[in-house]
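J.: Sequence:
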Amino acid sequence: MTNEQISIEAEVRERTGTRFTQRLRKSGRLPGVIYGQETTPTSISLDEKEMLVHLHSGARVMSLNVSGKTETCLVKDLQFGFLGDNVIHIDFARVNLDQIVTVNVPVITTGTPKLAGDAGAMLEVIRNEIEVECKVSDIPSEIRVDITEMGEALTVGDLEFPAGVKPTIEPEKHIVHITIVKDEEAEGEEAGVDAEGAEPEVISKDKGDDDATEESSNDGDEG
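What the sequence shown shows, in this note's numbering, is residues -12 to 210, in sequence order.
Among the clues, some could well be false.
Calculated pairs, DSSO-like style, for lysine-lysine (alpha carbon to alpha carbon, straight line, at most 27 Å) [to be verified]:
#, residue 1, residue 2
1, K63, K169
2, K169, K101
3, K13, K63
4, K169, K153
5, K63, K122
6, K101, K122
Pairwise CB distance ranges (calculated) [what the hints assert, rightly or not]:
#, residue 1, residue 2, range
7, D34, E139, 43 to 49 Å
8, F7, P158, 44 to 50 Å
9, V74, V(-1), 42 to 48 Å
10, Q66, V(-1), 31 to 37 Å
11, M109, T3, 43 to 49 Å
12, V112, P158, 14 to 20 Å
13, S14, I156, 39 to 45 Å
14, L84, P28, 19 to 25 Å
15, E37, R114, 26 to 32 Å
16, N52, T97, 35 to 41 Å
17, F67, D145, 16 to 22 Å
The hints are simulated quantities; they were obtained by calculation from the structure and are not laboratory data. All residues carry an ideal CB built from backbone N, CA and C; glycine is no exception.
From just these sequences and the hints, can you work out the full model?
T.: Right under this line is the structure:
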């Protein structure tokens, strides 16, 4: 599904600095900056709740209305708080809809692989997003794939991309794959059986030892 362009109001903020941005966040505003296209960066603030709703929906391209001027922008970077669970700053890059860009797009898997039902089988996620190259207007909000019929691995080459969108990494790279977890307890029991079934090692005397024993015995007889 292609990203729908979101329109959102932004306010210019004249002041910057940690204390000021902290006060902004406490008042429900999310600080950010718009840069690019050889234009002076503009420090802004946005409604935090509204912005988070758009971000969680996968929106990446937005029309920002700043002081009566509309700018097409791409979400370029998100900064998170100390615990990594809240957005504290957002960077936007000015773009044209026909501009070619490289962005990360979420990969959403649905279904449960049939092979995952095998004994010891475990599904391992290698990538939950993938880097693609396309026009700004063609950026997909997500790449969705049903993994019910997958084999041992689902690769980049197995994904279906919208027209005009191509991955930047090799097609053989894994998205998810199935690994087999061996039962350590069962392995231990097998090892025990092997140990019980093994014949004891026979340690034989060296021939020289036998000769020495015989000579000692003969010496005793001669005395």
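J.: Take the hints in turn and mark each one as holding or not.
T.: Hint check:
Using a Cα cut-off of 27 Å, the hinted pair K63 and K169 is violated, with the two alpha carbons roughly 43 Å apart. Simply put, K169 and K101 have alpha-carbon atoms about 19 Å apart, close enough for the 27 Å limit, and the pair holds. Only pairs whose Cα atoms come within 27 Å are accepted, and K13 paired with K63 is accepted, the gap being roughly 24 Å. Proposed proximity of K169 and K153 is contradicted: the alpha carbons are some 38 Å apart, above 27 Å.
In summary, the hint linking K63 to K122 is supported, as the alpha carbons are separated by about 15 Å, within the 27 Å threshold. Distance restraint check for K101 and K122: the Cα-Cα separation of roughly 37 Å exceeds the 27 Å cut-off, and the hinted pair is therefore not satisfied. Checked against the given bound of 43 to 49 Å, the beta carbons of D34 and E139, roughly 46 Å apart, stay inside it. Roughly 48 Å separates the CB atoms of F7 and P158, a value that falls within the hinted 44 to 50 Å.
Between V74 and V(-1) the CB atoms are about 20 Å apart, so this pair departs from the stated range of 42 to 48 Å. Between Q66 and V(-1) the CB atoms are about 19 Å apart, so this pair departs from the stated range of 31 to 37 Å. For M109 and T3, the hinted distance range of 43 to 49 Å is satisfied, since their beta carbons lie about 48 Å from each other. For the pair V112 and P158, the beta carbons lie near 18 Å from each other, so the given range of 14 to 20 Å is met.
In this structure the supplied range 39 to 45 Å holds for S14 paired with I156, their Cβ-Cβ distance being about 41 Å. For the hinted restraint 19 to 25 Å between L84 and P28, the CB-CB distance of approximately 21 Å keeps it satisfied. A hinted range of 26 to 32 Å holds for the C-beta pair E37 and R114, which are about 30 Å apart. About 36 Å separates the C-beta atoms of N52 and T97, a value consistent with the hinted range of 35 to 41 Å.
Taking the beta carbon of each, F67 and D145 are about 31 Å apart, not inside 16 to 22 Å as hinted.
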